[in-house]
Amino acid sequence: MLTPYLVGLVGLVLLPAAVTLALAFTEYDLLRPPRWVGLDNFAALLDDPVFRVSLTNSLVFALVAVPLRVLFALGLALLLHRRAVGVGGARTAAVLPTAVPEIAYGLLWLWLLNPLYGPINQLLRTGGENGLTALGRTPPQWLTDPTDARAAIILMSLFTIGETFVVLLAARRALPRDVYEMAALEDATGWDVFRRVTLPLMAPVLGLLAVRDAIQSLHFTFVPAFVVTDGGPPPYATTYLSLFVYRTGFEYLRYGYAAAATLVMILLTVAAVLVQWRLIRRYRAFYRL
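Numbering (the UniProt record's numbering), first residue to last: 1 to 289.
Simulated from the structure, these hints should not be mistaken for laboratory data.
Glycine included, every Cβ here is placed at the ideal spot set by N, Cα and C.
Treat the hints loosely; a few may be bogus.
Ranges of calculated distance between the beta carbons of each label pair, as one might list FRET restraints [said to hold, decoys possible]:
1) 190 x 90: 34 to 44 Å
2) 86 x 27: 30 to 40 Å
3) 68 x 125: 23 to 33 Å
4) 86 x 278: 46 to 56 Å
5) 158 x 107: 10 to 20 Å
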């Protein structure tokens, strides 16, 4: 019964990973046979300003977006775990953006974030004069200002938390009612219940979801950066590692160089997982004390 899965794992994951590892040490342009260059590709990455910018952008996105995504999903799960009028529709609305194809999702946000006639800036201008917001400020220039463009990519990622929300919703509904009844008998406040009951019981699930999001954070940015901002505004404000690898390999035909950058992505992902795993273990040890 595991054979189909193992075939897919070997053919779609392990073999491509092995080929990527081998190509990372070669110079290959798809026209001539690969030529062994050793560590030259990695040395060139260290001196490549575009790679350094894309690496910085990816790390900043992971540090900001991953905690926000998990916290946002946790808040929705705690808000919508009870049965009430309209809760079913709200749950569907929370999951629906995840089911939209990524390209369609990116094109939708390209319209929403248009600085001139996009609905978001039109809403922000409500109550203001001469194209300014009610606070007298210029609305964010989502597609032309580097800082606003990075914020737009993070904003887009916050609406694709359907899977995380479903897992946290199931985890919250599975918590035993006895502990909450005991907390109510002791007149515990809502904050105390969350801090001493809900959060410790859901911590393992939250930790696993944070690790999962950290792994996928390097991939969340590809379609938004490719479709919405095209890696800009110049110079390379929203060029992330995934987009850097795509352009290096498929536009410039530097497959060996792109494979080296991919290997760096894999190593960063492994490092992030190890750090989070150690933090989770320390948290569990502290909670046991």
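Hint check:
Restraint check, residue 190 to residue 90: a C-beta distance of roughly 20 Å breaks the suggested window 34 to 44 Å. In this structure the supplied range 30 to 40 Å is violated for residue 86 paired with residue 27, their Cβ-Cβ distance being about 59 Å. In this structure the hint that residue 68 and residue 125 lie 23 to 33 Å apart at CB holds, the actual value being about 25 Å. The hinted range of 46 to 56 Å is not satisfied by residue 86 and residue 278, whose Cβ atoms lie roughly 42 Å apart.
About 18 Å separates the C-beta atoms of residue 158 and residue 107, a value consistent with the hinted range of 10 to 20 Å.
Comparing the model with each earlier hint shows violations of hints 1, 2 and 4; every other hint is respected.
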